[in-house]
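**Student:** If you want the building blocks of each chain, they are given just below.
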Amino acid sequence: MSWAWQNRDQIGHLLASHLYLALLPVLFGIVVAVPVGIMCVRWRWTWPPILSLTSIFYAMPSLALYLVLIAYTGLTDWTVIIPLTLFSLSVLIPNVVDGLRSVPPPVKQAAVAMGFGATRRTIQVELPLAVPVIIAGLRVATVSSISLVSVGQLIGIGGLGYLFTDGEQRDFTTEIWVGLILIILLALLFDGLLVLARRWLTPWEARAPRQERRRVVQVALRGANAGVKGGSI
Amino acid sequence: MSYFSDAWNWLIASQNWHGSNGIPIRLAQHLEYTGLALIIALVIAIPAGLAMGHLRRGGFAVVTIANFGRALPTLGLLVLIFVLTSGSILSWLIPLVALAIPPMLVNTYEGVLGVDRELTDAARGMGMTEWQILRKAEIPVALPLILLGVRTSAIQVVATATIAAYIGLGGLGRYIIDGLARDEYNVVAGGAVVIILLALAVQGLFTLLRRVIVPAGLRGQAQNS
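Protein chains in written order, with my numbering: chain A, 1 to 233; chain B, 1 to 225.
Just so you know, the hints here were simulated from the structure itself, not pulled from any lab data.
Keep in mind that the hints are not guaranteed to be accurate.
To be verified - Taking CB as the label site, the calculated pair distances span: (1) A/Gly156 - B/His18: 28 to 38 Å; (2) A/Gly156 - B/Asn9: 17 to 27 Å; (3) A/Thr76 - B/Arg211: 35 to 45 Å; (4) B/Trp131 - A/Thr76: 55 to 65 Å; (5) B/Ser86 - A/Leu15: 28 to 38 Å.
Since we're looking at a predicted model, the values are computed, not measured.
Just so you know, even glycine gets a beta-carbon here, dropped at the ideal spot from N, CA and C.
Given these sequences and hints, build the entire structure.
**Tutor:** So this is what it looks like as structure tokens:
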């Protein structure tokens, strides 16, 4: 651990660039996924083609996408950010759609009866109720993204992934351990923050019966392609 | 469009289809590594998931394994185990199996756990043994989710086996790692295309598999295939 302390400046820089490379794609992802998800629920015919697209991007190994992109974006941050954004979208869009669809019909009918138009009903009633499922997707996307960035190191853009290749070349296990532990800690930290965000955004959930929370987990699992560390690397 | 013309020219060059570094051999190696890791993971994860789902126990452990599996950086795990085992077969097999287990485990567990209680109670009421309930009621109903888990693992392992070329494994990743090391961009481009096609083929295979083995009445579930 004294090695990590001596190299804290370098590790700090790697950490910052790691977070930037990992979180920007998730941010882009959620900004695009919410409107696209709403569209897919509103105009049902748009859903099948978009679902096919998301499942294709979900299956794409991100290393392969990084390599394809080098030809267009060169060795810049975008070469990593764009594939990870596509990956985030492939997790988030199905989650937004499933979240919106999981809103019980009586709730929608009540909103209509109260005079809510389609747009206002979506934004003020359905979207807040879909938050638990959307956040479940965000957790998958964020944690996966944080771990996937390090693969970018194979093309030289990988944040903390640098510690892996450098440690391997120098046969220095401590360095690899430090990288591994920092990435896992970052993933757990942001996962925890998202759980807190969900509690804050949906105070009513804490009072929901267990059965109901179970249902949310099930919907979220299907929505996230049940993606444990989303498929692609 | 230089990327795709580079990749295309590499793909149609006949010397890339022969010999020990030819596409057929590399593809066969890749499938071999992937298949071996998947089978080992399958044997461990599916029975464990079925047992825990049926007994409704171990939910916390499953969720923890799932989260941990997602957070674990593939490249880091590969180089760490490579350095620790100094290059035996285990150096790539352990990481591939370790990354394949969580998706299968969590989906199998959630699939069985999600089976309607009334269904299993009815089966029990008909005099089925616990084993019969699992085999005749829970597994068929959970099948779409179980398959989704296996598919996620398969895609994951195909991609990870590519990265394992960095620690010296054969397979399609060789084109990428060697091409990058030698600045042969057309090799990298061609290799990346073959890997993308393989990933899509795996995805397609599971979509097909789902049509064949999931009972017709259950196909509405787990739509994301």
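**Student:** With reference to the structure, classify each hint as holding or not holding.
**Tutor:** Here's how the hints hold up against the structure:
The supplied range of 28 to 38 Å is met by A/Gly156 and B/His18, whose beta-carbon atoms lie about 32 Å from each other. In this structure the supplied range 17 to 27 Å holds for A/Gly156 paired with B/Asn9, their Cβ-Cβ distance being about 25 Å. Between A/Thr76 and B/Arg211 the beta carbons are some 42 Å apart, a value that agrees with the proposed interval 35 to 45 Å. Under the hint 55 to 65 Å, the C-beta atoms of B/Trp131 and A/Thr76, about 57 Å apart, fit the expected range.
Separation of B/Ser86 from A/Leu15 is about 29 Å and conforms to the stated range, judged on CB atoms against 28 to 38 Å.
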